[in-house]
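Heads up: the sequence lines are chains A and B, in that order.
Counted the way numbering that gives the first Met the number 0 counts, the first sequence spans residues 0 to 82.
Counted the way numbering that gives the first Met the number 0 counts, the second sequence spans residues 0 to 136.
Check before you lean on any hint, since a few could be wrong.
[To be verified] A few chain A residues facing chain B, derived, Cβ under 7 Å:
id: 1; residue: Ala37
id: 2; residue: Tyr43
id: 3; residue: Ser44
id: 4; residue: Ser46
These aren't lab readings, by the way, just hints derived from the structure by calculation.
Model, not experiment: these values are computed from the prediction.
Beta carbons: idealized from backbone N, C-alpha and C, even for Gly.
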Amino acid sequence: MPPTKVTNNIRRLRFDHGEMTQLELAQQAGVTRQTINAIELGKYSPSLDVAFRIAAAFGVALEEVFSYGEDPEANRSRSRHRQ
Amino acid sequence: MSFREKSAWISLIAFVLLTGAFAVHTPWTLRPDPTQLTLYPLLLGLALLIVVEVVGHAIVIARSPKDALTPKDERERFLDLKALRFAFYVLIAGNALAILLVHHGANGFGMAFLVLFAVAVALIANYAARIYFYRRG
Numbered sequence: 000m001p002p003t004k005v006t007n008n009i010r011r012l013r014f015d016h017g018e019m020t021q022l023e024l025a026q027q028a029g030v031t032r033q034t035i036n037a038i039e040l041g042k043y044s045p046s047l048d049v050a051f052r053i054a055a056a057f058g059v060a061l062e063e064v065f066s067y068g069e070d071p072e073a074n075r076s077r078s079r080h081r082q
Numbered sequence: 000m001s002f003r004e005k006s007a008w009i010s011l012i013a014f015v016l017l018t019g020a021f022a023v024h025t026p027w028t029l030r031p032d033p034t035q036l037t038l039y040p041l042l043l044g045l046a047l048l049i050v051v052e053v054v055g056h057a058i059v060i061a062r063s064p065k066d067a068l069t070p071k072d073e074r075e076r077f078l079d080l081k082a083l084r085f086a087f088y089v090l091i092a093g094n095a096l097a098i099l100l101v102h103h104g105a106n107g108f109g110m111a112f113l114v115l116f117a118v119a120v121a122l123i124a125n126y127a128a129r130i131y132f133y134r135r136g
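If we strip away everything but chain A, and leave its shape as in the complex, we get:
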């Protein structure tokens, strides 16, 4: 699979949520641990369904987790400014 343009903050969000493991997140999102790892490394772009379930597992909006073709941290600070 070619590297995706979809970037994400999953690693940081897992850290912020008490070092949530990939397995715990996978169980909440209804996918395998290997799939969470592939998404986190940018090797696989999840469907909207799974993306929303990952965001719901962290209790944040979708754009807090995923962004397209840009630095996810920049997207995050822009979201904070809007609030």
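Since the structure of chain A is provided, determine the placement of chain B on it from the hints.
Showing chain B alone in chain A's frame:
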């Protein structure tokens, strides 16, 4: 290693054994003599396949029953389809070769062996491609 990858490894080994038994005992000629043919090598290969698949999967399931019960997710289904697509090309190439060999004097039995062999190689290609895609991420 995920349960799906372990399962693919078991099936790959089982089909390599089946194809090996088949290849070793097949008369590699375009015009095999029907009176010399026997089904025993194929039956032996099938028995090996069943034993390796059942025993291999039983061991893997016993070691991690929770993983085995987890349904396939969207990424695994996608990778399986990619592997199947690759295997389909292998099957088509093998069958095209079998048809071409009819024009070079192969009889019906010779062609049937080649088609069966192409199916076995395509199945091996399917499981090998699955393992490759799973490992790549």
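Status of the hints after comparison with the structure:
1. Ala37: Hint holds; A:Ala37 Cβ to chain B Cβ min 5 Å, cut 7 Å.
2. Tyr43: holds, 5 Å
3. Ser44: Where the cut-off is 7 Å and the nearest Cβ of chain B is about 10 Å from A:Ser44, the hint is violated.
4. Ser46: holds, 6 Å
In this structure, only the earlier hint numbered 3 is contradicted, and the remaining ones agree with it.
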